[in-house]
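Engineer: Going line by line, the protein sequences match chains Z and B.
Using the numbering used here, you'd call the opening residue of the first sequence number 1 and step up by one each time.
Using the numbering used here, you'd call the opening residue of the second sequence number 1 and step up by one each time.
Since the hints were made in silico from the structure, they are not lab data.
A couple of the hints might just be wrong.
List time: in silico EDC-like cross-link candidates among lysine to aspartate or glutamate, alpha-carbon distance up to 20 Å [stated by the list, open to error]:
hint : chain 1 : residue 1 : chain 2 : residue 2
1    : B       : 33        : Z       : 116
2    : B       : 25        : Z       : 116
3    : B       : 34        : Z       : 116
To give an idea of the chain Z side of the interface with chain B (calculated C-beta under 8 Å), a few residues [claimed, not checked]:
hint : residue
4    : 52
5    : 56
6    : 193
Away from chain Z, derived, C-beta distances all over 10 Å, residues of chain B [unchecked claim]:
hint : residue
7    : 6
8    : 13
9    : 17
10   : 19
11   : 20
12   : 40
13   : 45
14   : 47
15   : 48
16   : 49
17   : 63
18   : 65
Virtual Cβ for every residue (Gly too), placed ideally from N, Cα, C.
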Amino acid sequence: MRAPRGLATLTCGVAVGGRYACEALWGAGDAWQRGIEVATAIACGAVVAEFSAGDPPRRPWSLLLLSMLVVLLVRLAAWLQWSVAGVSLKVGFLLVGNVIFAAAMLGFSRVLGSSDLLSERTAEARTKAMLTVGAIAACGLAFIGYNVLELIERGSPTTREGWASAFSSGFSTLSDALVFAGGLYLVWLLRPIVGGSIARPYLMMAFGGAAFLVVDAILIGAGATAQTDIADSTAKLIGTLAYSCFAAAALVQLALLRSGRRAAG
Amino acid sequence: MPIDGSFADRVVAVLTPLLGPHTAKRALAMICKKAGKEPEQLGQADIELAQSTLRPMLRTLIGNEVTVRVLADLGGPGGAP
Chain Z
1 MRAPRGLATL TCGVAVGGRY ACEALWGAGD AWQRGIEVAT AIACGAVVAE
51 FSAGDPPRRP WSLLLLSMLV VLLVRLAAWL QWSVAGVSLK VGFLLVGNVI
101 FAAAMLGFSR VLGSSDLLSE RTAEARTKAM LTVGAIAACG LAFIGYNVLE
151 LIERGSPTTR EGWASAFSSG FSTLSDALVF AGGLYLVWLL RPIVGGSIAR
201 PYLMMAFGGA AFLVVDAILI GAGATAQTDI ADSTAKLIGT LAYSCFAAAA
251 LVQLALLRSG RRAAG
Chain B
1 MPIDGSFADR VVAVLTPLLG PHTAKRALAM ICKKAGKEPE QLGQADIELA
51 QSTLRPMLRT LIGNEVTVRV LADLGGPGGA P
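Construct all of the structure, not just a fragment, from the sequences and the given hints.
Structural biologist: Structure, rendered in structure tokens:
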């Protein structure tokens, strides 16, 4: 009962390499990226469908699917330039998507932590966990503080859209810091089962969470709100890597579940 | 999945691909604690106890369907809840 070895690496390699090639050959890197985002949502949907209704991991996977669907709405709203009262709907969808995404990561941590095989029951282990999570949270707060300073340095926004964009940028950073912290907590929780198939999807998610935070740092530097607003090709490739990590996580999870089903059949 | 050796060896062999060697041994230790036996004392009579110990923990991680299959690999009547 194993997912094929190399599936995650292959997925990320094809996604990032494909984006690079599409951009270099046809200037169609963004179109490739949209395809990766759709594929990630489809893969997450397949995982949700594979779990039974009462399975504990199904809920966080459903939240992850929902956040990926909201990402598609963000792109659609940006493309069609939807707006309400002078504020782009893209910003609103981005906020909602970030909340759901962070909730999904916290949900995964909660589910994994509730298994007696992984959760630490000793006081010493709990203290270590709290110190680790506290340190991560402090790093996240420092990052948000930096973000706020950057916004102040650039001057206050003058339009409603500008304020919405600034708020979205700060909120997105907070959310991505939460996702990153959740990812690190997942790694900490999973360390006893590293080497086992069950750990692999979650390790990919942690890696993807870290990549999203790097993209956020680049967005702040560029004064942008969403990945579609940046021109830097390295940042775009890291963005593709982040999404492809979540696609890889879903594919590995799917392969694991299907191999179990085939073996049972 | 035919596995030669003791029941304890089978538990570790079945769980290692999913959980890694460290946690597979930890799961065996949990079964031993519940059975009040040493690993080498575990036998076919302890299959149901092993399944009932592992079922909730595995279901939380991987869902019911794969859990049933893994527990069936331990032997006995299968892991159906």
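Engineer: A separate judgement is required for each hint: does it hold in the structure or not?
Structural biologist: Comparing the hints with the structure gives:
{"no.": "1", "hint": "B:33 with Z:116", "result": "14 Å, holds"}
{"no.": "2", "hint": "B:25 with Z:116", "result": "14 Å, holds"}
{"no.": "3", "hint": "B:34 with Z:116", "result": "14 Å, holds"}
{"no.": "4", "hint": "52", "result": "5 Å, holds"}
{"no.": "5", "hint": "56", "result": "5 Å, holds"}
{"no.": "6", "hint": "193", "result": "5 Å, holds"}
{"no.": "7", "hint": "6", "result": "21 Å, holds"}
{"no.": "8", "hint": "13", "result": "12 Å, holds"}
{"no.": "9", "hint": "17", "result": "6 Å, violated"}
{"no.": "10", "hint": "19", "result": "4 Å, violated"}
{"no.": "11", "hint": "20", "result": "4 Å, violated"}
{"no.": "12", "hint": "40", "result": "22 Å, holds"}
{"no.": "13", "hint": "45", "result": "23 Å, holds"}
{"no.": "14", "hint": "47", "result": "17 Å, holds"}
{"no.": "15", "hint": "48", "result": "18 Å, holds"}
{"no.": "16", "hint": "49", "result": "15 Å, holds"}
{"no.": "17", "hint": "63", "result": "4 Å, violated"}
{"no.": "18", "hint": "65", "result": "6 Å, violated"}
Of the hints listed earlier, those the structure fails to meet are numbers 9, 10, 11, 17 and 18, in rising order.
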